[in-house]
Amino acid sequence: MTPVNIVLDAGPDGFNDDKDEAKRIRENTIIPTLAADDCVVLDFSEVKSSTQSFVHALVGEALQRFKEPALEKIQFKNCTPLMKGLVQLVVDYSLGGFRIEGHEPTEEGAVELQMPEPPRLRARPRRRLRK
Amino acid sequence: VWRVRESQSSVPELKIPNDATIRTLRNFLSVNTPFLQPETNAILRLHKNWAYMDPMALAITAAWGGWCLRNGKQVEVVGDPGPHTNYAARMRLFQHLDVGYTIPIKEHEEAGRFMPLRRVSTTAELSAVIGDVSALLHLDSEPDGLAAIRYCVSELVRNVLEHSQSPEGAYVCAQRYFDKEPKRVTIAVADCGIGIQGHLGRVYPQALTDGLAALRLAMQPGITGAQKGMYGAPDNAGAGLFITRAIAKATGGYFVLLSGSAAFRLKRCANSSEPQILIDPFEETESNRWKLGTEWKGTVAATEIMTDKISNFPGLFEWIRKQLPAQRTVSKRIRFV
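Protein sequence lines, in the order shown, are assigned to chains A and B. The opening position of the first sequence corresponds to residue 1 in our numbering, with each subsequent residue numbered one higher. The opening position of the second sequence corresponds to residue 1 in our numbering, with each subsequent residue numbered one higher.
Derived from the structure by calculation, the hints contain no laboratory data. C-beta: ideal position from N, C-alpha, C; glycine also. One or more hints might be untrue.
[As the list claims (entries may be wrong)] Restricting the straight-line Cα-Cα distance to at most 25 Å, the calculated cross-link-like pairs of lysine-lysine (DSS-like) are: (1) B/Lys267 / B/Lys309; (2) A/Lys84 / B/Lys106; (3) B/Lys297 / B/Lys15; (4) B/Lys267 / A/Lys48; (5) B/Lys73 / A/Lys48; (6) B/Lys73 / A/Lys77; (7) A/Lys67 / B/Lys322; (8) A/Lys77 / A/Lys67; (9) A/Lys84 / B/Lys332; (10) B/Lys106 / B/Lys180; (11) A/Lys77 / B/Lys322; (12) B/Lys332 / B/Lys322; (13) A/Lys73 / A/Lys48; (14) A/Lys84 / B/Lys309; (15) B/Lys309 / A/Lys48; (16) B/Lys73 / B/Lys297; (17) A/Lys73 / B/Lys332; (18) A/Lys77 / A/Lys48; (19) A/Lys23 / A/Lys67; (20) A/Lys67 / B/Lys332.
[Claimed, not checked] With the C-beta cut set under 8 Å, the calculated list includes, among others, these residues of chain A facing chain B: (21) Pro12; (22) Asn28; (23) Thr29; (24) Gln52; (25) Ile74; (26) Phe76; (27) Lys84; (28) Val87; (29) Gln88; (30) Asp92; (31) Tyr93.
Same shape as in the complex, but just chain B (with noise of 0.2 Å):
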């Protein structure tokens, strides 16, 4: 549904600045109020000038469009559809808030630009949208590139199956920029569950009563909600973020984490010639935190990859692995054959 009408402060409304992307993600998430709880249908505002969503803001709207769904609350977008929303169409956005599109849109090949929004709900799901990462985005020439993103999805993704409790999974998308610099991938996944400090808490007290705390827990290796202790469960180390922000800050990207009343951005950065990854995500001089005025129901996790500066995956990874501070090395017994 397609509508013009004002704002009203008690629906719940998710307005779209001109501009939503990680770097005005501060912005964007202090005007608005998606989880209001009255009866009645929830409002998408886009800005009369829309400009770009990146695939941050994109998995953002579609998770909470399926929490509007979840809810009964039918999604009005409020603005006219025009050439600015078809990005966005594009994206399959309006598709999965059940909102019909009605100006015809000329289907850009999806190969070698962006994976459109997926709702991930299985494990089977997520390997088809591990197969549509090789598939859509066309890295075939830079395959350390390809290898960091689908190890990147994969692990995002797993965190919402295995964690979130969120009923419709994650939603995840992906946009590659390879015609300026830098040339990135830019990969985000959103889901409306129980959040970080939902899951965390069980464990970690002080990540039930403080956002921020919840955050920089869930950055650190060895932490998981499943179990007290460092070494994980048999099914979970806590390490995917960790080695999911390392890998973006090897490459100089982005890497954002929001969960209930907190943020942090990694923000981009040069590459030094010697980088380093703080295992306390607080450390980093790079990046920044803040409060949300609004709580997000859920998490939403991004990362920027640029793919150009991965030459030897392998390397990165071994660069990440003597980064983390285990207390014995005792690899060397391993029989390799």
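So here's chain A without its partners, still in its complex pose (with noise of 0.2 Å):
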């Protein structure tokens, strides 16, 4: 089947943060299409940067609801250097989370925060006044 082609709006100056768009494209298109095993070209061609929160919004939960498999179904198009960057960070970590020390994930992908004791503050040395 021909894959799904969605040319993304440029926002100002080619900068789009839409993050309600983000999420009508994700809810309208990508997840159903991607639910009915098919594929889905986003089109970055109009979009010279954007932020992560926007491509989090556009793709975090497609990554984490079909897992590794929906790399293959998912094509990034015309993406400059910096929607690559942000494409990968997003990607990197929606499939594997952020590894940080005393933050154990379960396999619902929850965690129990086990916060380290914040090291203690330590006194302002005093200042000698100059005679």
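Two independent chains are provided; combine them into the complex using the hints.
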């Protein structure tokens, strides 16, 4: 089947951080398409830069739901170097999580957070007054 | 309303010292009791020789003014307006406080200097601010610096819109310093919403009782109050403050986060050949944190981007990505076409 092609809006000066739009695309197109075992092409030709939050809102849930096979179903087209970096970041943590000491993910992805004791605040050394 | 009156300890009051900046943040906040709730108006007390408020102090004051107006308190400004207050007037502080400014000021051209205070309560207003960042700061000659600033403004303001429950939304402003070293842009975003403790405390109980613990959590990647887990909710991953802090650190600028009873400040530092961003902000050696004498009802975030240190924002972002400890690297399988 022909992949579903989505051309993302440019946003102001090619900066698209519209998470509402990302959510609409995710819910209305990306998730249903992947659920039907079809492919999606996300075309970033108009978007020169964005934020991690935008890319997360766009594809984070799809990656977490469909796991690594989703990477075979989503193509990222015409990405600038920055957009590539954002996509790589979101893909890595969506499929791998953040490895942080004291945060042990359970199978569901939830964690019981055990905060280490914060380092003690050090008293400021008193300044010597010059005579 | 501009008046001269004595200080009253029972009145909500914000005193502005003669140098209210990120550098003097600790002193600035320690002398204030801005959120008292008696049936009185509120006072903004200006230092008689007031020299300077930076964007952080301006955003704090404007957000406080929004809180006052929400609670039916008219803001009275104590101290004489004069040349020393004209900068704040140009930044439209008094307009946001609903206080008339009688002195005629010469409106400097905004372009190339500053982005005046804006109140942002919708994503459409945020888009307008993002457009203004490009138009008003005139960073055309530094496109990578501009990209970093837009990134930080977007993430910081969205945090307020999505998490703060602030009826007024966010107050944001920026100043470009281009005629003396270090060349930089300071961005500040403030609100009087539920604060980081109120947001994260729904999921992390220790955040509810310990303001510093709440800040520490908020600045680590993968922590969001939307749900417990390291992968975030569909709309949030909890990495925005971490990345904003990393951008500031990579360029050697300040990063400040304060909320409720606690404040954290990453200090300016000279760029090392191999800078490293630490996941736990409290392990940063060039930082300090403290408990506030008076709680701030909401959140303030400010950052300083040394724009002339950013010649390759995608490269800087790649550096940030490599600092993040992803458990597995699967990005090689991404299909870029």
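Of the hints stated earlier, which fail here? 2, 4, 5, 6, 22 and 23
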